[in-house]
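Asker: Okay, here's what each chain looks like letter by letter:
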Amino acid sequence: AQSVTQLDSHVSVSEGTPVLLRCNYSSSYSPSLFWYVQHPNKGLQLLLKYTSAATLVKGINGFEAEFKKSETSFHLTKPSAHMSDAAEYFCVVIDNYGQNFVFGPGTRLSVLP
Amino acid sequence: DTGVSQDPRHKITKRGQNVTFRCDPISEHNRLYWYRQTLGQGPEFLTYFQNEAQLEKSRLLSDRFSAERPKGSFSTLEIQRTEQGDSAMYLCASSGGNPYNSPLHFGNGTRLTVT
Chain A
1 AQSVTQLDSH VSVSEGTPVL LRCNYSSSYS PSLFWYVQHP NKGLQLLLKY TSAATLVKGI
61 NGFEAEFKKS ETSFHLTKPS AHMSDAAEYF CVVIDNYGQN FVFGPGTRLS VLP
Chain B
1 DTGVSQDPRH KITKRGQNVT FRCDPISEHN RLYWYRQTLG QGPEFLTYFQ NEAQLEKSRL
61 LSDRFSAERP KGSFSTLEIQ RTEQGDSAMY LCASSGGNPY NSPLHFGNGT RLTVT
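Order-wise, the sequence lines are chains A and B.
Letter 43 of the first sequence, counting from 1, is numbered 43 in the numbering used here, and no numbers are missing.
Letter 42 of the second sequence, counting from 1, is numbered 42 in the numbering used here, and no numbers are missing.
Don't take each hint at face value.
Lysine-lysine pairs mimicking DSSO-like chemistry, simulated, CA-CA at most 27 angstroms apart [said to hold, decoys possible]: (1) A:Lys42 / B:Lys11; (2) A:Lys58 / A:Lys42; (3) A:Lys49 / B:Lys57; (4) A:Lys42 / B:Lys14; (5) A:Lys69 / A:Lys49; (6) A:Lys69 / A:Lys58; (7) A:Lys49 / B:Lys71; (8) A:Lys68 / A:Lys49; (9) B:Lys71 / B:Lys11; (10) B:Lys57 / B:Lys71; (11) B:Lys57 / B:Lys11; (12) B:Lys14 / B:Lys57.
No lab work stands behind these hints: they were computed from the structure.
Bound-form chain A, shown alone (with noise of 0.2 angstroms):
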């Protein structure tokens, strides 16, 4: 069964310094990847996705991530984070039938003045 891990519960950077939200997937078989954001009480919102074309994303708001093989790993980055970016994060993978979206553990990225 498809499965995702994000390593940090909860990250912390200062206004424009760059961001890093890790994210490592479970997967028989090449799967397709999303980001998500959710905003404190609002809802989710598509990031960006990886369906096995170009494996670096760049995505809404000047996020990108890079899907490794290798390493199985969906990270997301943003090179200089904005107070607006402090929000919850999930990382999904799909199943093999198409059928369920597995979502993460989510972290929340706070973002310092």
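Knowing the structure of chain A, use the given hints to seat chain B on it.
Answerer: Just chain B, lined up with the frame of chain A:
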């Protein structure tokens, strides 16, 4: 595209009562999902519809939970004899296109509080 809408936004009920939530997906999406999210956790899969057919249901979903999508458009999620452990955010999402790589589009959720 008006997005996925859920109703109500909040529901407070007493233990033992029945509740029903509604989800209206994006109109051209044939797949509809229900998830449950508790504080500090990631969304947990409950069930999945393709058109009107319920194709998968989580083993975690007790018999008190039932979902329908009668005409392949809107969906309802009913919880019978609610328990305090049912308190959570219930999220609906829809998707269209290739099922192996099309993302989910989420509504804002229904927050259930069981007292």
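Asker: For each hint given before, does the structure comply? Return the numbers of the non-compliant ones in rising order.
Answerer: 7
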